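**Q** In this note's numbering, the protein residues as written are -18 to 179.
Among the clues, some could well be false.
To be verified - Simulated restraints on C-beta separations:
#	residue 1	residue 2	range
1	I21	L132	29 to 39 Å
2	A37	D121	19 to 29 Å
3	V23	P157	35 to 45 Å
4	L170	P64	33 to 43 Å
5	G172	L22	36 to 46 Å
6	L132	F82	29 to 39 Å
7	G172	T24	29 to 39 Å
8	I113	M29	32 to 42 Å
9	I142	S81	20 to 30 Å
10	V169	F82	31 to 41 Å
11	I21	V89	12 to 22 Å
12	L60	P174	19 to 29 Å
13	F127	V26	25 to 35 Å
14	F49	F82	45 to 55 Å
To be clear, the hints were calculated from the coordinates, so they are not data collected in a lab.
Model, not experiment: these values are computed from the prediction.
Ideal Cβ positions, reconstructed from N, Cα and C, are used throughout, including at glycine.
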Amino acid sequence: MFVFGAVAFGVVFASSIAAAMNADNRGETLDTGAFSVLSILVTIVVSMVSYFVNAAFVRGALDETGGFQKPPLGRFFQLTNVPQITILAVIWTAVSVLSSFVPFLGTVLLLVASVLTIFSLTFALDQNQSAIDSIKSSVDLVVKNFGPVILLILALAAINIVGAIPCFLGWLVTIPISVIATNYAYRVLTGGPLSPAR
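Construct the complete structure from the given sequences, taking the supplied hints into account.
**A** Written as structure tokens, this is what we have:
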């Protein structure tokens, strides 16, 4: 994820510098329209790939929190319900791109959507629900347990902020902890099976 994110950022940054230099050489201003199209395309690709990487994380975390033994590495890539995960990825990508066109309010709406759908991917993977049903199930679970879910999100935000301080290297620890904590909360809130102490 770090490498992919760095490459995606590098592509956008390098293309913006190249576009600015080309425009300057021609004595023109930067064509922001063309740059915006490139930014949108990179955002779409990054969002889609990130969603499937997150699905692999969730698959492993579900086994870690509900299985009787630690999941092997290969288990992370044994995704089920792939068509519905793809639909979820498309929906999330569309929401992310559209929210970027609305300054501030778009960010707020994206944040609210993130909170309400925090368990949607988990429902799709764990219970093989359709994309729409998993979103509904997540919203229902969050609304019924709003206080504990918000406390969880604030705690995870705090550890990820701390993890970002040493050049983002702490995220190698805090992101897996966040995924496991979220899936543990899912199991507790839905009354699902929990792993025995290991």
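**Q** With reference to the structure, classify each hint as holding or not holding.
**A** Status of each hint after checking the structure:
1. I21 x L132: 29 to 39 Å: holds (35 Å)
2. A37 x D121: 19 to 29 Å: holds (25 Å)
3. V23 x P157: 35 to 45 Å: violated (26 Å)
4. L170 x P64: 33 to 43 Å: violated (26 Å)
5. G172 x L22: 36 to 46 Å: Roughly 43 Å apart at Cβ, these two residues keep to the hinted range, so it holds.
6. L132 x F82: 29 to 39 Å: The hint (29 to 39 Å, Cβ to Cβ) holds, given that L132 and F82 are roughly 32 Å apart.
7. G172 x T24: 29 to 39 Å: holds (37 Å)
8. I113 x M29: 32 to 42 Å: violated (19 Å)
9. I142 x S81: 20 to 30 Å: Holds, at about 22 Å.
10. V169 x F82: 31 to 41 Å: At roughly 37 Å between Cβ atoms, F82 and V169 fall inside 31 to 41 Å, so the hint holds.
11. I21 x V89: 12 to 22 Å: holds (21 Å)
12. L60 x P174: 19 to 29 Å: 20 Å Cβ-Cβ, so the 19 to 29 Å window holds.
13. F127 x V26: 25 to 35 Å: At roughly 34 Å between Cβ atoms, V26 and F127 fall inside 25 to 35 Å, so the hint holds.
14. F49 x F82: 45 to 55 Å: holds (47 Å)
Violation of the numbered hints given earlier is confined to hints 3, 4 and 8; the remaining hints are satisfied by the structure.
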